[in-house]
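Student: In case you want the letters, here they are:
There are 2 protein chains.
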Amino acid sequence: MTPVVALAGGVGAARFLRGAIRALPTDSLCAVVNTGDDREFYGVHVSPDLDIVTYTLAGRVDPAKGYGLRDDTYALVDRLAALGHETWFRLGDRDYANALHRTLRLRAGAGLAQVTDELRRSLDVPIRILPMSEDPCPTYVELSGGRRVHFEEYLARDGAPDDVRGVDLSAARSAAPAPGVVEALGEADAVLVCPSNPVVSIGPILAVPGVAEALAERRAPVVAVSPIVGGAPIKGPADRLMRGIGVEVSALGVARLYRGVVDGIVLDERDAALATEIESLGLRVAVTDTLMTDVDASVRVARAALELVDELR
Amino acid sequence: MTPVVALAGGVGAARFLRGAIRALPTDSLCAVVNTGDDREFYGVHVSPDLDIVTYTLAGRVDPAKGYGLRDDTYALVDRLAALGHETWFRLGDRDYANALHRTLRLRAGAGLAQVTDELRRSLDVPIRILPMSEDPCPTYVELSGGRRVHFEEYLARDGAPDDVRGVDLSAARSAAPAPGVVEALGEADAVLVCPSNPVVSIGPILAVPGVAEALAERRAPVVAVSPIVGGAPIKGPADRLMRGIGVEVSALGVARLYRGVVDGIVLDERDAALATEIESLGLRVAVTDTLMTDVDASVRVARAALELVDELR
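Residue numbers (the numbering used here), protein chains in the order written: chain G, 1 to 313; chain W, 1 to 313.
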């Protein structure tokens with residue numbers, strides 16, 4: 001039984017979850033994580049968001065970057081670069097080893113949910129982490145001139161240009177939810193939508209057939225934390241992607257995207273003025289300082305979300 | 001044009017070749033290397049003998065082990081071990097990167113000969129290095145009780161036990177020579193058989209259809225350096241493998257194995273007493289100190305082999 005299920009992307013979600021695991025009893029949280037960013041690099045299956053969440057909750061993430069492992073080395077990509085390979089995705093040696101484990105286990109017939117569980121257990125992460133799907137769900141970003149690139153190419157290779165024309169989640173739309181996802185949502189007392197990119201992190205999770213349906217059928221309140229503060233994302237290209245699909249870059253824009261899915265939203269203090277308009281969409285609003293500069297701040301934001309859940313019961 | 005072709009296994013061959021490249025004019029040497037030890041480890045194509053020869057001639061080999069790269073790190077296998085993988089084959093991070101390059105290039109359609117050339121050029125090795133074949137040629141060792149293991153399992157995992165009953169070179173016997181091998185042998189002024197394991201290093205090369213034929217048709221002298229000194233190999237399990245296939249563990253046993261293929265053999269001083277009996281097999285014999293304790297010693301042994309070639313013209 002995992003009474004609280006969190007829908008999660010990468011860095012923002014991981015920072016929120018490190019607070020949530022401290023604000024909740026052990027074993028009462030399960031994260032369902034976006035796999036739309038997954039891609040093969042250097043022959044191995046890399047799952048950026050699963051790894052960011054796992055490494056952060058293990059206390060092992062590189063604190064400066066927010067992804068990768070602290071004190072990792074880069075012998076492998078440096079040697080590949082010398083041999084002429086494209087190495088814009090700088091995967092550390094230990095990070096690569098985890099992705100290699102994933103690849104070898106998948107090749108041996110294990111499912112991504114099983115392998116994700118092996119990796120989080122090996123790093124002593126105390127909560128269940130589930131991929132949204134075990135099927136390939138690549139997210140593509142559509143750019144000007146008809147160009148179309150994988151999300152990691154858009155973000156890590158091209159530096160997130162602002163000429164976004166659309167986002168293609170068609171792979172997620174025809175994927176099956178991973179084993180355990182629909183069950184966890186069905187059993188949940190509360191669902192939290194982490195402060196992740198609503199378009200390319202939460203969007204793919206909600207696009208997987210069965211996930212939105214499980215949320216619609218639930219009795220449990222669904223509460224999101226806005227990843228947009230003062231009209232801009234804390235980190236990442238959410239502004240360019242929201243604009244690219246025609247959504248206002250504000251907590252109000254986030255609320256509009258999540259309308260019909262979430263019951264409440266936690267706003268940052270700087271966006272308190274948007275509360276009335278968001279409430280007029282039918283969402284309950286809570287306001288707090290949502291900047292998660294340290295673990296205590298993460299705990300405070302998680303508590304605000306859980307209090308809003310209680311209000312909504 | 002490569003007037004001298006050397007048939008090569010691993011450590012003994014590499015030590016001989018580091019002398020031969022100094023005893024010969026630049027561009028006049030080409031090594032044809034055993035691939036019977038090749039195996040997939042951790043998802044990548046490892047070619048132990050190609051790598052030993054390449055790293056040694058690059059001056060980059062780990063001098064204590066005779067294989068692997070000097071000052072390599074082991075983050076990858078250490079992490080895989082922590083995740084429960086078998087890691088008896090201790091591949092360093094940079095060594096792994098080279099094998100990963102090989103794997104990715106093979107997957108993209110390049111041939112093993114092409115990739116071997118890319119790797120030796122990237123490490124500034126001045127001579128051509130050719131795999132004996134681009135086809136899979138796994139050598140199996142047959143043990144008591146009907147057990148049958150890949151050669152690297154026999155050597156690196158099981159520690160080379162002495163209950164050898166036979167050696168299975170059937171894969172090599174149905175493989176095609178790699179592009180360039182038959183041509184190099186046909187053009188050669190001299191062929192050197194390096195002081196490698198005659199059963200599992202030189203044996204597979206000679207087993208590839210077309211190689212022995214090219215040697216039989218050649219006008220060039222073929223000279224071997226005995227890897228057995230004073231009734232024992234300098235390194236490796238040649239004694240157990242020779243005994244296992246019913247061959248006397250001595251320079252005489254080596255000469256008998258190579259009879260019909262080589263014209264001459266360089267013996268160590270300690271085996272000078274065997275010269276008459278080996279000559280009675282129809283082989284010309286030279287005697288020198290064959291221990292290659294440093295590069296100068298390697299040059300001396302290579303010169304002895306090349307002088308025997310000259311005598312045989």
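Check before you lean on any hint, since a few could be wrong.
[Stated by the list, open to error] Between beta-carbon pairs, the in silico distance windows are: (1) W/D71 x G/E213: 23 to 33 Å; (2) G/G43 x W/T276: 48 to 58 Å; (3) G/G43 x W/V149: 20 to 30 Å; (4) G/R243 x W/E40: 44 to 54 Å.
[Stated by the list, open to error] Some chain G residues well away from chain W (every beta-carbon gap over 10 Å; in silico): (5) R107; (6) E213; (7) D296.
For the record, the hints were derived by calculation from the structure and aren't laboratory data.
Please read all numbers here as calculations on a predicted model, not as lab measurements.
In this text, a Cβ means the ideal position worked out from N, Cα and C, and glycines have one as well.
Student: Measuring from beta carbon to beta carbon, are G/R243 and W/E40 in 44 to 54 Å?
Tutor: Cβ of G/R243 to Cβ of W/E40: about 47 Å, so the range 44 to 54 Å holds.
Student: Is it true that the C-beta distance of G/G43 to W/V149 lies inside 20 to 30 Å, as the hint says?
Tutor: holds, 26 Å
Student: Is it correct that the beta-carbon of G/E213 has no partner in chain W closer than or equal to 10 Å?
Tutor: The claim stands: G/E213 keeps its Cβ more than 10 Å from every Cβ of chain W (closest is about 35 Å).
Student: If you check the beta carbons of W/D71 and G/E213, does the distance land in 23 to 33 Å?
Tutor: Given range 23 to 33 Å: violated, Cβ gap about 56 Å.
Student: Going by Cβ atoms, does G/D296 stay more than 10 Å from chain W at every point?
Tutor: holds, 31 Å
Student: Please check whether the beta-carbon of G/R107 is more than 10 Å away from every beta-carbon in chain W.
Tutor: violated, 8 Å
Student: Measuring from beta carbon to beta carbon, are G/G43 and W/T276 in 48 to 58 Å?
Tutor: holds, 56 Å
Violated hints, listed in ascending order, are 1, 5; each of the other numbered hints is respected by the structure.
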